[in-house]
Amino acid sequence: MNWLDWLHTFFTSPARRSGPDSIVHRIAEHLAFSGEALLYSALLAIPLGLLIGYTGRGAVAVTALTGVTRALPTMGLVTLAVLLAGVGKTAVLVPLLALAAPPLLVAAVEGIRGTDPDVRDAARGIGLTHRQVLWQVCLPSALPTLLAGLRTAAVQVIATATVAAYVGLGGLGRYVIDGLATRDFPATVGGALLVVLLAVATQLLFAVLIRYALPPGIRVRSAPKEN
Amino acid sequence: MDGEPLVRWHWLGTHVAYLRDLTLDHAVIALVPVLIALLIAVPLGLACARYPRLYQPLSAVFNVVYALPALAVFVVLIPYTGLATNATVMIPLTCYALAVLLPTTVDGLRSVPEAVRQAATAMGYGPWHRLAAVELPAAVPYLVAGLRVAAVSSISLAAVGALIGKGGLGYLFIDGFQRTFPTPILAGIVLVAVLALVTDLVLVLARRLLAPWAVREKGAAS
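First to last, the sequence lines map onto chains A and B. Using UniProt numbering, the first residue of the first sequence is number 1, and each one after it goes up by one. Using UniProt numbering, the first residue of the second sequence is number 1, and each one after it goes up by one.
Looking at chain A on its own, in the form it has when it is part of the complex (with noise of 0.2 Å):
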């Protein structure tokens, strides 16, 4: 009944060292496919919020859709997508989108509206495009707050993903479900501790790329708060 005992037997189980059940191979696993969620959550959200802040048409819209999804619980949507689609890839995917695109859509609308509507007023006056500045004023400017939903949006797609091994896929919750379910604490709490601090990795990693990725005109500004 110790922590460090459980911790221990997991950290230095044969089978934790190679296999599709070695530590290497799920957090390979878990990565991939919060990676591949983020990515297309990332591709769909992005360019709609840069045109909904941009025009400003929808931008409510966008506040309410968002309220709704944040109520939908990833676990019922993983369950029915797999009675509906089948064990794989898809049944993990749409949930992890439908939790990553509100946030990341919501701050592509609000780092664009948030750009000084004077800024805009002047680089329209010297003759740049709607375009031009969207690409050359807007978007750098709300570069900050885009980047704090990015983070968002990662870290709950890490943490949710956990979620997929109940459904049978691979990563990181496997060890906590197959671990609860042969009442293999070791294993529970080593998988736990993996997924915090993959988590928590990921929300420094952010914190470097928001503090260093920036141009040299944002980085000045104070740190963008979370959604």
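Simulated from the structure, these hints should not be mistaken for lab results. A couple of the hints might just be wrong.
Claimed, not checked - Which residues of chain A face chain B? A few of them, derived with a C-beta cut under 10 Å, are:
no. : residue
1   : N2
2   : F11
3   : V82
4   : L83
5   : Q156
6   : A159
7   : V176
8   : I177
9   : L180
10  : G191
11  : L194
12  : V195
13  : I210
14  : L214
Stated by the list, open to error - Here chain A is said to cover these stretches of chain B; the calculated rule only asks that three of the stretch's residues, wherever they fall, bring their Cβ under 8 Å from a Cβ of chain A:
no. : stretch
15  : 64-77
16  : 170-179
17  : 196-208
Cβ atoms here follow ideal geometry from the backbone N, Cα and C, with glycine treated the same way.
For this one, chain A is given, so just place chain B on it according to the hints.
Relative to chain A, chain B alone:
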């Protein structure tokens, strides 16, 4: 799933009481933690607004807490609080709600302009009177905004508790999945969403009653 309809209306009709009990159970598991978090967030937020040095480390801690996967935390707590107990699910949910509510409380308390604060002092308000009559009311729209986010995500997260035997409506997902029977899963999704929307509506109405001025101001609240 061959031949099984997406919704068996008959099953819904015969399980009304069951669904109601699960919904009530779910509401308690999900919303009591939000209330507890509120009771902690207000004094803690006051302390943070007064001693800014306290806020930095606390907000860093809660930023990390927010990143923790619910299922993982439930599981890690099991050795201390037991399998399928209220505490195992409600302690993490309280922490998540607190992680949302603390920053919004501090933002709300800080939103009072210095001139307003000085005017209240000049009118003879002591620190406590000013707190009760000026600063806390000013924080209400922020608090309600935070409560809306916290409550809705708590309701959605509580379903995961079903995996460790305590999840209200989440049980419907497990049940439906094990029997390859989509009706309970759909009923669960709809009921979770309805519970979240009703809670959200109640909070919006509460804000209208407690802070009628905030309805006219855009930006602060929504």
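Measuring from the C-beta of F11(A) to each C-beta in chain B, is the shortest one below 10 Å?
Not OK, violated: F11(A) not within 10 Å of chain B, min 15 Å.
Holds or violated: the hint that G191(A) contacts chain B, with Cβ atoms closer than 10 Å.
holds (7 Å)
Please verify that hint: V82(A), Cβ, nearest Cβ of chain B, below 10 Å or not.
holds (7 Å)
Measuring from the C-beta of L214(A) to each C-beta in chain B, is the shortest one below 10 Å?
Since chain B brings no Cβ nearer than about 19 Å to L214(A), farther than 10 Å, the hint is violated.
A closest beta-carbon separation below 10 Å is what the hint needs, so does I210(A) meet it against chain B?
violated (13 Å)
Within 8 Å of chain A (C-beta), three or more residues of the stretch 196-208 of chain B:
Coverage by chain A holds here, the residue count being 3 at a Cβ distance below 8 Å.
Quick check on Q156(A) please, does its C-beta sit within 10 Å of some C-beta on chain B?
holds (9 Å)
Quick check on V195(A) please, does its C-beta sit within 10 Å of some C-beta on chain B?
The hint holds - V195(A) has a Cβ within 10 Å of chain B, the shortest such distance being about 5 Å.
Can we keep the I177(A) interface hint, with Cβ of chain B closer than 10 Å?
Given a least distance of 7 Å, the restraint on I177(A) holds.
Holds or violated: is there a CB of chain B closer than 10 Å to the CB of A159(A)?
With a minimum Cβ separation of about 3 Å from chain B (threshold 10 Å), the hint on A159(A) holds.
Tell me if the interface restraint on L194(A) is satisfied: Cβ within less than 10 Å of some Cβ in chain B.
Interface hint status for L194(A): holds (9 Å vs cutoff 10 Å).
Verify the coverage statement for the stretch 170-179 of chain B against chain A, using a C-beta to C-beta distance below 8 Å and requiring 3 or more qualifying residues.
Coverage by chain A holds here, the residue count being 6 at a Cβ distance below 8 Å.
Violated hints for the displayed structure, listed by number in ascending order: 2, 13 and 14.
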